[in-house]
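For the sequence shown, my numbering assigns the number 547 to the last residue and increments by one with no breaks.
Hints were generated in silico from the structure; no laboratory data involved. Hints should not be assumed to be uniformly reliable.
To be verified - Label-pair ranges, simulated between beta-carbon atoms:
id, residue 1, residue 2, range
1, Thr358, Glu389, 26 to 32 Å
2, Lys463, Phe436, 17 to 23 Å
3, Asn241, Lys346, 29 to 35 Å
4, Asp407, Pro289, 27 to 33 Å
5, Lys387, Ile547, 48 to 54 Å
Glycine is no exception: its CB is placed at the ideal position from the N, C-alpha and C atoms.
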Amino acid sequence: MIISAPTDYRKAAEAKLPPFLFHYIDGGSYREHTLQKNTDDLADIALKQRVLNNMAELDLSTEIFGEKLNMPIALAPVGLTGMYARRGEVQAAKAAANKGLPFTLSTVSVCPIEEVTPAIERPMWFQLYVLKDRGFMKNVLERAKAAGVTTLVFTVDMPVPGARYRDMHSGMSGKNAAARRILQAMTHPQWAWDVGLLGKPHDLGNISTYRGTPTKLEDYIGWLGANFDPSISWKDLEWIREFWDGPMVIKGILDEDDAKDAVKFGADGIVVSNHGGRQLDGVMSSAKALPKIADAVKGDIKLIVDSGIRSGLDVVRMLALGADLTMLGRSFIYALAANGQAGVENLLDLYAKEMRVAMTLTGAKNINELSRDSLI
């Protein structure tokens with residue numbers, strides 16, 4: 172398949188992956204209205220074209236939490252990334268590092284912290300949930316510190332797992348799920364050989380390291396359901412703020428009052444996010460939520476945004492709406508599934524090219540010049 176645009180990677184991933192994995196990353200919760208709104212609302216944002224502004228010196232770089240980035244993009248935490256390519260977290264982290272960008276390792280990654288950090292030359296970010304097992308949380312934070320992780324991304328919009336009906340239809344969960352996954356792997360031999368056989372072990376590496384015993388894919392959904400904590404509140408984050416002396420980002424903010432609470436709490440940043448439409452269906456898109464949040468806290472805290480970003484043009488739109496940084500989730504997973512590290516690096520090159528075109532034709536010489544004045 173010829174890849175000429177970032178969105179081409181979705182079709183390439185669908186062709187290569189067993190259905191249970193493709194639909195796990197591609198799907199949303201309930202009837203997937205918010206999943207669709209994330210991309211539709213971004214597409215509806217019109218940029219203001221400006222010309223004859225001498226755009227020969229155009230700079231995509233930025234700085235956040237003391238780190239210089241080649242462009243305002245980070246790779247978001249995605250659970251089970253290691254099921255999409257052989258030792259997928261390592262490949263994705265290398266791709267991000269080679270492009271001068273942060274990679275964020277998920278709590279529920281296949282590759283543990285200790286496998287990923289030695290493979291890259293720049294600092295890594297790490298994502299954590301509030302879990303009932305506080306011993307695990309303390310253990311993994313200590314390991315993250317020891318491994319040189321710089322930034323903690325704390326996900327707060329998952330006190331309970333969302334209702335993801337596609338997973339039950341696809342074989343990720345539900346009746347006879349294990350047998351269905353095996354049959355699907357047999358009909359996708361390239362994935363079965365490269366990832367299914369050569370990509371082992373297929374367990375939740377960070378959790379297995381803590382427990383001292385493998386936590387397999389078949390335990391994944393059950394472990395999540397048993398350990399997410401619906402009693403989460405701001406006070407549960409206080410001991411983490413005291414323990415973690417690096418930048419701390421709160422991920423999963425859609426309301427300006429919650430953003431103000433994050434500032435009061437002392438967070439260094441927030442991620443405006445609806446979990447990619449995978450949690451509460453019917454909430455607003457990140458693109459719709461971002462402007463009000465920017466009006467409320469811009470300048471008091473770093474504003475990061477995810478959900479629905481599928482192109483460099485979308486990155487420019489989010490920056491114009493008030494974001495300091497964007498995060499890619501599904502987009503990089505599609506590329507990783509299609510062609511591993513090389514796919515992710517090419518995807519990031521395509522994003523950079525699209526950003527350059529968009530910024531040249533809006534008259535923004537650097538990302539700080541992107542604002543709502545850049546929009547119609």
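Hints and how they fare:
| no. | hint | in the structure |
| --- | --- | --- |
| 1 | Thr358 x Glu389: 26 to 32 Å | 20 Å, violated |
| 2 | Lys463 x Phe436: 17 to 23 Å | 19 Å, holds |
| 3 | Asn241 x Lys346: 29 to 35 Å | 47 Å, violated |
| 4 | Asp407 x Pro289: 27 to 33 Å | 31 Å, holds |
| 5 | Lys387 x Ile547: 48 to 54 Å | 51 Å, holds |
Against the hints set out earlier in the document, violations occur for numbers 1 and 3.
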